[in-house]
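Line by line, the protein sequences are chains A and B. With the numbering used here, the residue at position 23 of the first sequence is 23, and numbering never jumps. With the numbering used here, the residue at position 34 of the second sequence is 302, and numbering never jumps.
Be a bit skeptical, because a hint or two may be false.
Unchecked claim - Cut-off 27 Å, straight-line C-alpha distance, at most; resulting in silico cross-link-like pairs (BS3-like, lysine-lysine):
#, chain 1, residue 1, chain 2, residue 2
1, A, K65, B, K280
2, A, K163, A, K30
3, A, K110, A, K69
4, A, K214, A, K3
5, B, K323, A, K259
6, A, K188, B, K323
7, A, K163, A, K214
8, A, K174, B, K280
9, A, K127, A, K30
10, A, K11, A, K259
11, A, K11, B, K280
12, A, K189, B, K323
13, A, K188, A, K3
14, A, K65, A, K163
15, A, K11, A, K222
16, A, K127, A, K65
17, A, K3, A, K127
18, A, K33, A, K259
19, A, K174, A, K33
20, A, K65, A, K33
21, A, K171, A, K188
22, A, K65, A, K30
23, B, K280, A, K259
24, B, K286, A, K11
These are computed hints drawn from the structure, not numbers from a lab. Since we're looking at a predicted model, the values are computed, not measured.
Listed below, chain by chain, are the residues.
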Amino acid sequence: MSKVVVVASGKGGVGKTTTSANIAAGLAQKGHKTVAIDFDVGLRNLDLVLGCERRVVYDFVNVIKGEAKLNTALIRDKRIENLFVLPASQTRDKDALEPEGVGRVLEELKGMGFEYIICDSPAGIEKGAQMAMYFADEAIVVANPEVSSVRDADRVLGLLSAKTSRAEVGKTIKSHLLLTRYSPVMVKKGEMLSVSDVLELLGIPLLGVIPESKAVLQSSNKGTPAIMDDTTDVAQAYLDVVYRFLGEEREQRFIDEEKKGIFRRLFG
Amino acid sequence: MPFLSFFRTPPKSASLAKDRLSVIVSRERASTRGGPDYLPQLQQELLAVLARYEKIDLQHVSVSLDRTEGREVLELNIVLPDAANKNRPSA
Numbered sequence: 001m002s003k004v005v006v007v008a009s010g011k012g013g014v015g016k017t018t019t020s021a022n023i024a025a026g027l028a029q030k031g032h033k034t035v036a037i038d039f040d041v042g043l044r045n046l047d048l049v050l051g052c053e054r055r056v057v058y059d060f061v062n063v064i065k066g067e068a069k070l071n072t073a074l075i076r077d078k079r080i081e082n083l084f085v086l087p088a089s090q091t092r093d094k095d096a097l098e099p100e101g102v103g104r105v106l107e108e109l110k111g112m113g114f115e116y117i118i119c120d121s122p123a124g125i126e127k128g129a130q131m132a133m134y135f136a137d138e139a140i141v142v143a144n145p146e147v148s149s150v151r152d153a154d155r156v157l158g159l160l161s162a163k164t165s166r167a168e169v170g171k172t173i174k175s176h177l178l179l180t181r182y183s184p185v186m187v188k189k190g191e192m193l194s195v196s197d198v199l200e201l202l203g204i205p206l207l208g209v210i211p212e213s214k215a216v217l218q219s220s221n222k223g224t225p226a227i228m229d230d231t232t233d234v235a236q237a238y239l240d241v242v243y244r245f246l247g248e249e250r251e252q253r254f255i256d257e258e259k260k261g262i263f264r265r266l267f268g
Numbered sequence: 269m270p271f272l273s274f275f276r277t278p279p280k281s282a283s284l285a286k287d288r289l290s291v292i293v294s295r296e297r298a299s300t301r302g303g304p305d306y307l308p309q310l311q312q313e314l315l316a317v318l319a320r321y322e323k324i325d326l327q328h329v330s331v332s333l334d335r336t337e338g339r340e341v342l343e344l345n346i347v348l349p350d351a352a353n354k355n356r357p358s359a
């Protein structure tokens, strides 16, 4: 049984690619055969975040056009068993992705035994984004606690409920909210939208909260998904997200300000 | 008075953000999400009719569609020119 999951946000720079990389890596670490597909034609980056940029030979569009076999285009991660990447094309041809071809590749991936197919959507609500969500069974909507991001997330939810293959046959797409770059300190001061504010506005269940952290930049610098170094708060947060996504109960963390002990108050 | 304003706390920016968002999000939902495609046109035609009888400011008209458990409520909100303006003898 395969599940197609789209990671979408509308707004750029909120953490779609980081989230795709970490969730794909986390699912693979838990033993599920997982592929992450970069749908951002012309601006591929998932390969870079996952540290396999130098191994890209063929891409998604090559496979759709029949110029390469799916098996040769897929990049197998060297560190995590069960993790594969299908990079986006750097072509500027915007019509390179079309439903028929994308659907065919997804079916072939399902036939190869992939349990999770993570579709990293480009920003915006144009063709690339629509293709990434069209075949999805579930959606992870990434947002920052910030006005433009929340507004765009709501637009994306609108598209998910209208312009997908499930919507066309009257079915719904299960959508989860992932709130990233969250700062409990700012929320406490009343300077940032809180989790409950955003939940109230968007009306979808919370998958998790990822705290604002240096670890995200550090891990993309290295090309190693943050989830692989489980000492950081970001890794812990993404691990929780993966567990919840797999149906396990995990208490929400990183929502409240960390209590500092007397020593950390003095020397932290 | 500077002395008093020192004690008054200004509204927190997060609550401003939430208020602004709840307005814009519900407005955009009405016009885009799931609602019938004819909503914007309906809004315009209703306005055209109303404009024949009342001088209405576009700013003071809102159309929204609320959906709660299988029931849809189409809400048309029009702020009529206030009585003072209306009763003013026309020149």
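### Task
Any hints from earlier that this structure breaks? Give me their numbers in increasing order, please.
1, 2, 4, 5, 6, 7, 8, 9, 10, 12, 13, 18, 21, 22
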